[in-house]
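Q: What follows is the residue order along each chain.
Number of protein chains: 4
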Amino acid sequence: MDLEDKLLMMPGPVPVAPRILRAMSKPMINHRSMEFSKIYDDCRKSLKKIFNTNNDIFVISGSGTAAMEAAIGCTLGKNDSIVAVENGKFGERFKIIASRYGKVIPAEFEWGESIDLDLVEDKLSEGAKAIAMVHNETSTGILNPAEDIGKLAKKYDALFIMDGVTSIGGDEVMVDKWGVDIAVVGSQKCIGAPPGLSMISVSEKAFDLMEGVDSVPYYSDLKAYKKSADKELTQTPYTPAIPLFYGLQESLNIIMEEGMDARINRHRTFAMAVRKAMESMDIEMFPSLNEYSGYSNTVSAMKAPESINGNDLKREMLERGIIIAGGQAHLSGKIFRIGNMGNINANSLLTTLQSLETVLHKHGHITDFGAGIEAASDVLDKVL
Amino acid sequence: MDLEDKLLMMPGPVPVAPRILRAMSKPMINHRSMEFSKIYDDCRKSLKKIFNTNNDIFVISGSGTAAMEAAIGCTLGKNDSIVAVENGKFGERFKIIASRYGKVIPAEFEWGESIDLDLVEDKLSEGAKAIAMVHNETSTGILNPAEDIGKLAKKYDALFIMDGVTSIGGDEVMVDKWGVDIAVVGSQKCIGAPPGLSMISVSEKAFDLMEGVDSVPYYSDLKAYKKSADKELTQTPYTPAIPLFYGLQESLNIIMEEGMDARINRHRTFAMAVRKAMESMDIEMFPSLNEYSGYSNTVSAMKAPESINGNDLKREMLERGIIIAGGQAHLSGKIFRIGNMGNINANSLLTTLQSLETVLHKHGHITDFGAGIEAASDVLDKVL
Amino acid sequence: MDLEDKLLMMPGPVPVAPRILRAMSKPMINHRSMEFSKIYDDCRKSLKKIFNTNNDIFVISGSGTAAMEAAIGCTLGKNDSIVAVENGKFGERFKIIASRYGKVIPAEFEWGESIDLDLVEDKLSEGAKAIAMVHNETSTGILNPAEDIGKLAKKYDALFIMDGVTSIGGDEVMVDKWGVDIAVVGSQKCIGAPPGLSMISVSEKAFDLMEGVDSVPYYSDLKAYKKSADKELTQTPYTPAIPLFYGLQESLNIIMEEGMDARINRHRTFAMAVRKAMESMDIEMFPSLNEYSGYSNTVSAMKAPESINGNDLKREMLERGIIIAGGQAHLSGKIFRIGNMGNINANSLLTTLQSLETVLHKHGHITDFGAGIEAASDVLDKVL
Amino acid sequence: MDLEDKLLMMPGPVPVAPRILRAMSKPMINHRSMEFSKIYDDCRKSLKKIFNTNNDIFVISGSGTAAMEAAIGCTLGKNDSIVAVENGKFGERFKIIASRYGKVIPAEFEWGESIDLDLVEDKLSEGAKAIAMVHNETSTGILNPAEDIGKLAKKYDALFIMDGVTSIGGDEVMVDKWGVDIAVVGSQKCIGAPPGLSMISVSEKAFDLMEGVDSVPYYSDLKAYKKSADKELTQTPYTPAIPLFYGLQESLNIIMEEGMDARINRHRTFAMAVRKAMESMDIEMFPSLNEYSGYSNTVSAMKAPESINGNDLKREMLERGIIIAGGQAHLSGKIFRIGNMGNINANSLLTTLQSLETVLHKHGHITDFGAGIEAASDVLDKVL
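Protein chains in written order, with UniProt numbering: chain Z, 1 to 384; chain W, 1 to 384; chain H, 1 to 384; chain U, 1 to 384.
These aren't lab readings, by the way, just hints derived from the structure by calculation. Given the structure is predicted, the values throughout are model-derived calculations rather than measurements. Hints are supplied without guarantee of correctness; some may be wrong.
You can't tell identical chains apart in this list, so a pair holds if it fits in one copy or across any two.
Unchecked claim - Straight-line Cα separation of at most 25 Å, BS3-like style, residue types lysine-lysine; simulated pairs:
{"id": "1", "residue 1": "Lys223", "residue 2": "Lys89"}
{"id": "2", "residue 1": "Lys48", "residue 2": "Lys78"}
{"id": "3", "residue 1": "Lys78", "residue 2": "Lys177"}
{"id": "4", "residue 1": "Lys382", "residue 2": "Lys362"}
{"id": "5", "residue 1": "Lys231", "residue 2": "Lys89"}
{"id": "6", "residue 1": "Lys38", "residue 2": "Lys303"}
{"id": "7", "residue 1": "Lys89", "residue 2": "Lys155"}
{"id": "8", "residue 1": "Lys154", "residue 2": "Lys276"}
{"id": "9", "residue 1": "Lys48", "residue 2": "Lys334"}
{"id": "10", "residue 1": "Lys382", "residue 2": "Lys223"}
{"id": "11", "residue 1": "Lys231", "residue 2": "Lys334"}
{"id": "12", "residue 1": "Lys303", "residue 2": "Lys103"}
{"id": "13", "residue 1": "Lys303", "residue 2": "Lys78"}
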């Protein structure tokens, strides 16, 4: 029997609250109507609060990657250069996208390593038009120093393009304060909505620097998004994915009801609970931190223990109805990742940790039941 | 009270059947799982039947425009040229997209005019790598001669890129027989699903000609779609809009249940009913046909009568709960358009015509009730 | 292909607005919780406005018949007598139910005939404890004189039990002003919700007269409903049909948004439009009115024309996607009925009339198209 | 933020699988149509398999109590006597209902005690027309000896009326083999559907013995159900709760997919896991068993420990998002109950036990974490 009750604890897509699913099942409307305009306006207003910005915000019908391409493709001309910071898979993606539009100055670190700000500054001093960085590197569970990079970008007068795909909506992101010119988030992560939409904030400076850029992609042309959004009835340039807008609106309502402070606190507490549980079960965190970085508060990456390969662990968790993630690319089998993004409750997290205890116990990594749960419960009881 | 019961009779988005809405409200799944893979496989299999092709078919999370850009952007290098046939707004869009990637050889006609094949052949003979044409020009209600263009493309060894956004799924499209190398359709038109997805078929020849093309867009890179689709578990390169895939699968189920022959017949009959009703009410069709063109079978464009401007007519229909379309760009106010795409029944069409009768009667364009309905009923009774 | 788009124009179940369907798909809750209590309270509050009463109101998980039995079974002891007014099928039902609990004094009229108040008064003067009457007789399309019966009941100090199953929520019902001691309505009629619930208002006098009644049914024991409703957390005595309560709450929200005055006006206008269309198409109304009765404003019953039997007419309408009703019991084939209850719009009504025109035209009853629609449109344009 | 994610682990209503919720949101249909008839037929066919009977089965739009009344009210005349076995709240309910229709011969035991078969036989030998017993006494977590009672009923030629409200669909029930003349189940328990429907099987003997019974309730008159079900289009006598029938059909589909053997095994294993966890945490089961009774396999009743009152325990579980039940009537505060009915998975059960561990730990009843989970996991791993 298919009960559709698997627990999604991977770093996106996340479980979608029933009220969001119901919102998505509304009948279609004309996308050039007052009704749609109100929905889009409402979403943009809430998003500004979540991004902490007064910049323009647009919603693209496409995944976070479409928005990453919009950020790069609209600002980077053939002869422009960009510092692409890479310490994980999504940093690498920025680099690859950038290489299709302009000149890349790579600032590369081992996946899982922290960013060396001095090295980044050296690269910036070469005279780049922009710098692109992933705030919360989903592939390695590290939180990169966005505020520091913002300061460097300012110092060198470079546009700061930030992938906040798995931080915005779950962890603190201060777009205006940090000087992020273009910030990007996906719908299916901390926002708690289904996948298919991406949201992007764009500063005036970024719009100014789009002038004269050749080879701008058509579908993700931010100037077209601005032009349509500025019409009397706020619109998107191309037909939007209406049901996903319904879902986004409802998920933003949920965020407004919870309040961003409470939401950030919840994400941080849950991630702390995961880390404490891991510590109590003798499982090592994967990222190497330095003074500027932190563990991600939305996805935790752990080294697979000797007794069980990361992919086997993922598979055995799946057999118990819980979907966690393994490692990507060369990290496959070496790490496993547990997400705590979006609208999940403490019981979902505890169930996950409990299943993990059972699997680790079965493979002889731990001998007693209960230590992980107790450690996590101690942390969670603060927010329950 | 909001009863969510407005009748969408514009050329997309179309009314979405309740069972499709229910399918969309399923819980999220892992997009790298067997479950998702099966859904994607199932969709691709049905789409091949609807496109009448053995070519590869991919689903992009983005509107039809994203797929148009994929078609152009992946095949057209900076120094490649393409014949862009334009006799309406979407032909114009092809031209604009193409101008961002390569060299455009325009084959332009007045919007609403038929295509002159000799002129197109002249352009092709200049040595273009490709030719792009809109099959069913939504903005003007004309059906362009796809098979003839296919023959010309073959003769001049050019790639044939066809926008079938508002024909595929509703009217006959023979991708392989007509020699269409890349064909594109949107989810929210004749397919009957919500907006947000586009489907694209790609021939081997098209893939061959992608080699060496520079500046390929990242999000809509068809080679990435092929690589992911060819994996052991069929995938998309980036996180897909899962609920829309649920909806697409269900809408394709509906199409398979109806059968494409019956579906095409239904669309053709409905469009004929609209035309007969217009004739009986002394309303002129907008497009000028030649021997190669036809009236669209999925959207009818009519000249607004003297007594009422097209936009006023649209507004008064809206007041009666029925959403039709006006004219786009310079055609605004001059024409009005009625769609009959997707999963609508005869009663929806009759209600639309009846409301139109009432509006036209109110403005003195007609003096008696019933002629339009009677004319339409005569045609519809064949398929009821 | 099953598009689930048949139009329900019978006198219940009625089409249910999508937002009500979505409300019904909420997850289950504890029926002894604050959440449920709030929903029930909210429904009861709105229902009091619709019933125009300060009496207690309860919701029974069961059809209108369950509530009819509650009204009779709780008040009528073995040796008590009740005047049962019958001029249609539901009047007959009251009589049959009453005969299971006490003594029936029948006040019978031909189905479709109007009630003779003098005859009713004669029966009442025999000394009955109660009188039961159907306000809007669904089987014959007649509106019985509730206010007059209320006066007679008062004069003879009898309890007035009224079946408002197809009037309350669509037509004017003044429970307190008219002196209705027990009034009953079903969820699937003018209230616009799905079937499965019935709502019942009970006066203090009715509760007083329940004392000492033997053989009270257990499931529909109104004293149990009162006891549970009076608890700190408002409850039902037995587990309620939770999803239907969700649906009822949302349908009552819709009614409050529309406003009862507007809603009554809409129902009356729609019924008038049906009657005018019938007149113009030479179709006779079924009921025989007297000075005290009226045509129903929620369901119209018409005599089948010579050229087509009522059941055939119903079947041919069904083939056109529209569900109307035939006649019940001995009226089968002789009449047909069109409902205009709940949340329907003018287009649904016009589509129905238009299909009827087509069927009547096909059978030679009318020769021209349009007269019915024109007559109905004239009436409807007032409320559009 | 309301995430609608509380976990219902009380003995009904149970969590309803999303696919059942979706089924419930289908548009309305005519309840006198082929479509409805097919749904009802389909449900009746599956129900016969679950009941293990060839008897007629009907679906009543009303809770289990409505069906209990149907069973008693249709068979018990004013002068007929019935042995009402009571060892819990629902046994008491049978007694109360019976006292409204005929003469009760009570066979009473302390709530939570086992039934003494000799005493029951004594009562039967007084010459009762029927005997009524609750199979699985929800209020005390005891499984009464249905097969033995069936044998006694046969010996004394009495009708055997059995409340299987919380056993049928979750535990083994052999209606025909055990000689159960009338068996009753509710939709919101082991069947896994929403509340609002009850299902009842009726033997030919039961129908025979209905002849001549006076004062039969109207709404739950089983002869009316039979008459309607035997029509050409299978129907219900009164308008059925259509959305609940949609939900029932889908929940029965789920049962057929799982298979009754697997389903029973799952319920038994889950209940065993609860009992083992309780044992390991030093919590005593409430019921006193004898050689004929067993612990319920669908709901476990435990004595509240000294350190915390049953109602406080329930409240603290609710604060953790988990809804369990306390004791009813005089058992309030003294016991707590955990249901494992319907479509729940092992993770839901483990989460419940884990939260219970945390609450008991907080109140000092246990000192270490993990024992309950380990004990339960050992049992559950058999069926995972």
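Q: Now look at each hint and say whether the structure bears it out.
A: Verification of the supplied hints:
Proximity of Lys223 to Lys89 under the C-alpha cut-off of 25 Å is restricted to the inter-copy arrangement: shortest distance 20 Å between copies versus 28 Å within a copy. In this assembly of identical chains, Lys48 and Lys78 lie within 25 Å of each other by CA distance neither inside one copy nor across copies; the values are 31 Å within and 38 Å between. Proximity of Lys78 and Lys177 under a CA criterion of 25 Å is satisfied in neither setting, with 30 Å inside one chain copy and 40 Å between copies. Only between protomers do Lys382 and Lys362 lie at most 25 Å apart by alpha-carbon distance; the minimum there is 14 Å, versus 31 Å within a single protomer.
Proximity of Lys231 to Lys89 under the C-alpha cut-off of 25 Å is restricted to the inter-copy arrangement: shortest distance 19 Å between copies versus 38 Å within a copy. Proximity of Lys38 and Lys303 under a CA criterion of 25 Å is satisfied in neither setting, with 46 Å inside one chain copy and 31 Å between copies. For the identical chains of this complex, Lys89 and Lys155 are neighbours neither inside a copy (27 Å) nor across copies (46 Å), given an alpha-carbon limit of 25 Å. With identical chains, the CA atoms of Lys154 and Lys276 are never at most 25 Å apart, being 37 Å at best within one copy and 63 Å at best between copies.
Taking the shortest Cα distances, Lys48 and Lys334 never come within 25 Å of each other, neither inside one copy (38 Å) nor across copies (40 Å). In this assembly of identical chains, the alpha carbons of Lys382 and Lys223 never lie at most 25 Å apart, being 46 Å within a copy and 46 Å across copies at closest. Taking CA atoms no more than 25 Å apart as the test, Lys231 paired with Lys334 passes between copies only; the shortest distance there is 22 Å, against 51 Å inside one copy. When the C-alpha separation of Lys303 and Lys103 is checked against a cutoff of 25 Å, the pair qualifies neither within a copy, at 35 Å, nor between copies, at 52 Å.
With identical chains, the CA atoms of Lys303 and Lys78 are never at most 25 Å apart, being 40 Å at best within one copy and 46 Å at best between copies.
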